[in-house]
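Student: Chain residues, written in single-letter form:
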Amino acid sequence: MPTSAPTAQALADVTASDSTLRRFLHGLPGVDTVGLEARAASLGTRSIKTTAKAYAIDLAISMVDLTTLEGADTPGKVRALGAKAVHPDPTDRTTPAAAAVCVYPDMVAVAKEAVAGSGVKVASVATAFPAGRAALDVKLADVREAVAAGADEIDMVIDRGAFLAGKYSKVYDEIVAVKETCGARARLKVIFETGELSTYDNIRRASWLGMLAGADFIKTSTGKVAVNATPANTLLMLEAVRDFRAQTGVQVGVKPAGGIRTSKDAVKFLVLVNETAGADWLDNHWFRFGASSLLNDLLMQRQKLATGRYSGPDYVTVD
Amino acid sequence: MSDERLSVLKTYKLYVGGKFPRSESGRVYEVTDSTGKWLANAPLSSRKDARDAVVAARKAFGGWSGATAYNRGQVLYRVAEMLEGRREQFVREVADAEGLPRAEAVAVVDATIDRWVWYAGWTDKIAQVVGGGNPVAGPFFNLSSPEPMGVVAVVAPQESSFLGLVSVLAPVIATGNTAVVAASEKSPLPALSLAEVLATSDVPGGVVNVLSGRTAEIAAPLAAHQDVNAIDLAGADEALAKELEIAAADNLKRVLRPQAVDYSGTPGTERMTAFLETKTVWHPTGALGAAGSSY
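Chains C and U are the protein sequences, given in the same order. Residues in the first sequence are numbered consecutively from 1, following full-length UniProt numbering. Residues in the second sequence are numbered consecutively from 1, following full-length UniProt numbering.
Some hints here could point you the wrong way.
Unchecked claim - 16 Å max Cα-Cα, derived EDC-like pairs, lysine to aspartate or glutamate:
| id | chain 1 | residue 1 | chain 2 | residue 2 |
| --- | --- | --- | --- | --- |
| 1 | C | K304 | U | D250 |
| 2 | C | K264 | U | D250 |
| 3 | C | K264 | U | D52 |
| 4 | C | K304 | C | D314 |
| 5 | C | K179 | C | D152 |
| 6 | U | K59 | C | D152 |
Note that these hints are calculated values from the structure, not bench results.
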């Protein structure tokens, strides 16, 4: 990463003005697209079997942010999702709980009640999710409502329009404002919508911008566009959090979201985490999967490992 | 330059979800004719191929079982049409596989094509034979209709590699089930070539999936699979059939036990009804009029 490693103090200078921020972000080394994709692909070929696979599956289950972000969400559906997050496989109580349920702000109270006392967190998307096209005070009101309702985590979207137009300080200021609104009560996940950022260079810049602004987590996407989490863009973000900790001592989490549907994919992502950021991130405090159908596939694989028979969709809940 | 042409050998592949993959394991085994002469290498499927095939079959079930019976009949008839066009190829393959003289192989292939036509005709008639209205003591229509079970694993007959295969496969899909076929272990080539015919005859991908390899290795995970609804053990020997039936009991799969069958005879409807469930619905006839009855 940056060849002359700046100190934490130097990074504070970076955010002093629009021009220093721009100079810093554009000074980040360009991404070797071919190398990045080849690295992500080669790590995806690791063979994870038997006990390691069982460990990976349980770890992945404990990292799932069970998500429902539909216009058709009802309190009943959110309650069902909460129950599933607490006991993903009711027939096997050794199954770990999911990390969180992820809902729209108006469903936070319902979700909170559904997971009460279980340790499962409630995450809420906010800031005019998924487009992020609203005035700042509207976005902040959105966040305040979610935090007041008891959300443990806020998933905000950045203003991609401003980012692509080069107004980095506007994006930065928004993240800072949202972080302030979250206060100490909620961890902040910043969604970049990598599918809309066009280039890997932009994803690297967005990652650093988000971390400089105080994100607790950086997250790939909303799940609402064509291209969501891919091994390559997640690898890039993992490199960013690794380098950020090396330079500032601050650890930031990563959450790929959208498009991860099979256990095999999930295990590939865990390999990326271990090989890139390191074992410190192999914990649901630092790494999450934003997904809904992934959990069922993980459960079916878990049942297969436990019984030796292939399981089927009749043996997991429909959500 | 020599006038002699290099021979183009055919790579036989599996048929899963409408595609022709190699075995996930990368393995193949040698297939020989009845005299021991090498014919080709066929994929040696693993349990993961079986798993993938079940996923494909499950995915195809909604569309295939939801298609009208008339449409399914047209598609199966199309299979017969396509087979007719590749008659020579199948005559050769059947003659090699089963060690038959050409005339007998021709008779087998003709009988096989006729069998597709027979089952194509049955798709929209089986419901009248095994379903219908039931007289009940009340103002209700009471209707029974046969429904496909879902994904059916088919252990194809070992000796009759083509006529036998079609005789057990066609009845399964005619009624709207989808199938995962473990082809004859010794002579899988006609089954793998049949897959090429199915792929070009409007049969949606995943409705039929063909695996070649060791019957015991493929059938065991299919019998234990929780997402397979029934299994036809036609090609399993006594010991294997017993083992598979035990494995199949776990999720109460329906099991069709192996039995001595002369595949050249008229098939009857038993193999179709073996994989049908009966759904019975009660429907009120409406208010009884002053005259006593409204229908």
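Student: Against this structure, judge whether each hint is valid.
Tutor: Outcome of the hint check:
The straight-line distance between the Cα atoms of K304(C) and D250(U) is roughly 14 Å, inside the 16 Å bound, and the hint therefore holds. For the hint linking K264(C) to D250(U), the alpha-carbon distance of about 26 Å lies beyond 16 Å, and the restraint is violated. Using a Cα cut-off of 16 Å, the hinted pair K264(C) and D52(U) holds, with the two alpha carbons roughly 13 Å apart. Annotation: proposed proximity of K304(C) to D314(C) holds, straight-line Cα distance about 14 Å (limit 16 Å).
A threshold of 16 Å between alpha carbons decides the hint, and for K179(C) with D152(C) the separation of about 13 Å falls inside it, so the pair holds. Restraint check for K59(U) and D152(C): not satisfied, since their Cα atoms lie roughly 38 Å apart, outside the 16 Å limit.
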